[in-house]
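One line per chain: the protein sequences are V and H, in this order.
First residue of the first sequence: 367, per my numbering; consecutive thereafter.
First residue of the second sequence: 367, per my numbering; consecutive thereafter.
Treat the hints as calculated values from the structure; they're not laboratory data.
C-beta atoms are modelled at their ideal positions from N, C-alpha and C, and glycine is treated no differently.
Do not take every clue at face value.
Computed from the model, here is a short list of chain V residues facing chain H with C-beta under 10 Å [what the hints assert, rightly or not]: (1) H410; (2) T414; (3) S444; (4) S459; (5) L460; (6) H651.
Ranges of calculated distance between the beta carbons of each label pair, as one might list FRET restraints [said to hold, decoys possible]: (7) V:R381 - H:P689: 20 to 28 Å; (8) H:R473 - V:H692: 48 to 56 Å; (9) H:R486 - V:D467: 25 to 33 Å; (10) V:R625 - H:P513: 38 to 46 Å; (11) V:G525 - H:G421: 34 to 42 Å; (12) V:P666 - H:N603: 54 to 62 Å; (13) H:A480 - V:A663: 45 to 53 Å; (14) H:R486 - V:H512: 23 to 31 Å; (15) H:S546 - V:D467: 43 to 51 Å; (16) V:F428 - H:D609: 35 to 43 Å; (17) V:L468 - H:R677: 55 to 63 Å.
Number of protein chains: 2
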Amino acid sequence: LTTLSSLGERSLIQRITARLSTAPWVTVGPGDDAAVVAPVRGMHDVLTTDAIVDGVHFDRRFVPFDAIGHRALAVNLSDLAAMGAEPRCALLSLLLPDDIDLPAIDRILDGFLALAGEHRVTLVGGNITRTPGPLTLDVTAIGSIHPRRILRRSGARPGDHVYVTGTLGSAATGLRMLRSNASNDPAAPNDCVARYLRPDPRVRAGLLLGRNRAATSCMDLSDGLADGVRQIAEASNVGITIDASAIPLSEALRESHARDGASSVETALTGGDDYELIFTVRHSHRGRLRSVVNRLAGLPVTRIGVVTKSRDLLVDDGGRTRPLPHGYEHFR
Amino acid sequence: LTTLSSLGERSLIQRITARLSTAPWVTVGPGDDAAVVAPVRGMHDVLTTDAIVDGVHFDRRFVPFDAIGHRALAVNLSDLAAMGAEPRCALLSLLLPDDIDLPAIDRILDGFLALAGEHRVTLVGGNITRTPGPLTLDVTAIGSIHPRRILRRSGARPGDHVYVTGTLGSAATGLRMLRSNASNDPAAPNDCVARYLRPDPRVRAGLLLGRNRAATSCMDLSDGLADGVRQIAEASNVGITIDASAIPLSEALRESHARDGASSVETALTGGDDYELIFTVRHSHRGRLRSVVNRLAGLPVTRIGVVTKSRDLLVDDGGRTRPLPHGYEHFR
């Protein structure tokens with residue numbers, strides 16, 4: 367095996383750089399002290415960074431290397447989507463333990479670059495260093511946005527309806543299946559596993575919601591629906607009541623939970639890794655939302671609740687309300 | 367002690383965010399899914415990322431937490447300086463092991479924000495995660511530059527003179543002293559230790575070199591002079607001969623090496639962590655360089671060699687030439 371120490375940092379960077387495509391607005395690409403890019407006229411820059419760590423955000427024992435590369439970019443594109451931004455470029459910081467070999471790095475890049483290509487994201491720079499710790503990928507993603515099209519968390523107003531894209535809880539179920547090795551069961555609904563391994567950031571949905579000014583607030587669901595509801599409510603100084611029966615669940619999730627007896631709704635509320643968007647829409651703007659949904663061709667958008675003046679965070683279980691559970695919080 | 371697990375990620379982010387200043391061009395600051403910043407009219411964005419890892423790039427046993435925070439930003443500002451960019455904002459990604467407590471994080475931020483303030487850099491976002499591995503800080507720094515003022519590595523031409531800012535080798539000597547605990551010796555030249563602990567990125571020098579179009583190429587010296595010479599020569603398809611006797615050494619380095627018998631020149635050539643700039647200047651542009659130097663008020667700029675058509679990389683030791691040694695390369 368070609369190990370990192372026999373290859374050297376510079377050769378590794380050259381090997382990666384040789385795979386990269388460029389774009390006309392990239393003034394200086396990888397290989398210099400920094401990248402230089404021309405901004406989009408009239409637009410602002412959107413900047414986000416998110417790291418994934420082996421043993422914390424994924425587990426090398428059951429997540430293939432290309433899925434690790436995919437995920438590292440996906441979680442960042444999801445943040446851009448939540449702002450309504452159009453992604454443009456990314457920086458990739460690789461922290462490599464000694465037992466990572468060259469084929470593994472190639473596979474990580476496979477996953478990263480495939481998703482980048484799908485969203486026309488150019489990898490313009492990055493950094494490689496060894497670490498005595500776990501494999502870590504830290505990505506910075508940069509997008510562009512018109513300053514009057516920004517989707518913040520803080521714009522929800524009483525009476526707005528609460529929506530989510532896609533279905534919830536599948537990724538958390540997929541992770542549970544991978545952990546218990548049940549994913550090898552041929553009867554297992556591997557849609558859940560696929561949703562966990564290769565989340566599909568809702569870039570187009572965020573972009574259309576921003577451009578159509580359809581949403582009053584928006585964020586992405588990385589730590590479960592309950593966490594997203596809480597964050598939007600706190601940032602907007604409002605309450606939110608979620609209708610439990612309206613939460614969109616995948617067929618695969620329902621089947622899995624029918625077998626194991628777990629509550630699908632609870633999984634959707636508290637399980638993480640969905641990377642769907644939660645957003646609020648003024649009643650008078652539902653026409654704008656309809657035109658967004660029409661252009662999303664197949665991605666479900668579901669109304670799951672309502673914004674309230676009272677600051678309470680509630681789940682409505684068929685007429686009986688209960689407090690919103692807590693989502694996943696890191697360090698806890 | 368207040369530990370991370372008792373505080374929670376969100377409270378920690380709020381604690382940090384409360385310390386941050388903002389700027390009129392920050393459209394959305396920390397606390398949303400991503401930051402939004404207005405670009406500078408007519409300028410391009412300069413993007414760089416660099417991580418520092420405990421046990422690889424520093425050692426918590428002898429580097430104070432505020433110096434760790436300082437260093438994480440400094441190495442990135444040094445990359446911006448090497449392009450001739452004006453720094454504007456940064457994202458800070460903190461990867462925290464369980465034994466890092468709140469006072470340590472506060473001190474890391476002290477060092478980071480003090481240097482940020484000095485260079486008018488706004489911390490607009492970031493990420494915090496726990497890691498089972500070592501303390502790691504990954505910073506993305508963003509600057510702006512006029513597209514015709516970019517300092518690349520690739521512009522050196524035969525006949526150009528080679529210059530460096532400051533003095534070389536001090537940081538490597540400081541690190542050696544810290545490692546051997548000699549820094550507690552009252553006779554020890556602690557200038558070296560200070561240079562290692564809190565490198566001063568040459569932001570103003572890079573900016574002036576770019577604005578005056580004084581340099582044909584430029585990069586920063588993070589892995590020693592020999593590495594910098596090699597990189598510029600390779601990127602520019604030229605050779606470089608360095609005059610060993612011209613390499614600027616600090617008084618503290620000379621004194622230290624007079625005692626321990628080490629070669630100051632070899633330390634400067636192969637020791638890392640200097641974060642000075644190396645750059646090349648056309649003979650006919652030495653007037654431009656003079657006006658840059660006049661405005662640098664006290665930062666020495668020293669001619670150390672010449673660019674050659676032959677691709678050889680040489681050190682001239684008083685008339686006898688020898689091949690340029692290799693600098694520090696990671697993974698080796």
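Satisfaction of the hinted span 55 to 63 Å by the C-beta atoms belonging to L468 (chain V) and R677 (chain H)
violated, 29 Å
Open item on the list: A range of 34 to 42 Å was offered for this pair. Does it hold for the Cβ distance of G525 (chain V) and G421 (chain H)?
Closed with: violated, 54 Å
Checklist entry - Quick one: are R486 (chain H) and D467 (chain V) within 25 to 33 Å, going by C-beta? => result violated, 43 Å
Checking hints one by one. Is T414 (chain V) an interface residue toward chain H, by the C-beta closer than 10 Å rule? Since chain H brings a Cβ to about 4 Å from T414 (chain V), closer than 10 Å, the hint holds.
Requested in this report: Look at the Cβ atoms of R381 (chain V) and P689 (chain H) and judge whether their distance stays inside 20 to 28 Å.
Outcome: holds, 26 Å
Cβ-Cβ distance between A480 (chain H) and A663 (chain V): within 45 to 53 Å?
Since the Cβ atoms of A480 (chain H) and A663 (chain V) sit about 51 Å apart, the hinted range of 45 to 53 Å holds.
task: Using the beta carbons of R625 (chain V) and P513 (chain H), state whether their distance is inside 38 to 46 Å or not.
output: violated, 60 Å
- Using the C-beta atoms of S546 (chain H) and D467 (chain V), is the stated range 43 to 51 Å upheld? violated, 35 Å
Hint says 54 to 62 Å; check whether the CB-CB distance for P666 (chain V) and N603 (chain H) agrees.
holds, 56 Å
*Is the gap between the beta carbons of R486 (chain H) and H512 (chain V) within 23 to 31 Å?*
holds, 27 Å
Inset, instruction - Using 10 Å as the Cβ threshold, decide whether L460 (chain V) counts as touching chain H. - result: L460 (chain V) check passes; min Cβ-Cβ to chain H is 9 Å, inside 10 Å.
*Using Cβ atoms only, decide whether S459 (chain V) comes closer than 10 Å to chain H, and label the hint accordingly.*
holds, 5 Å
Checked against the numbered hints given earlier, this structure breaks hints 6, 8, 9, 10, 11, 15, 16 and 17; the rest are met.
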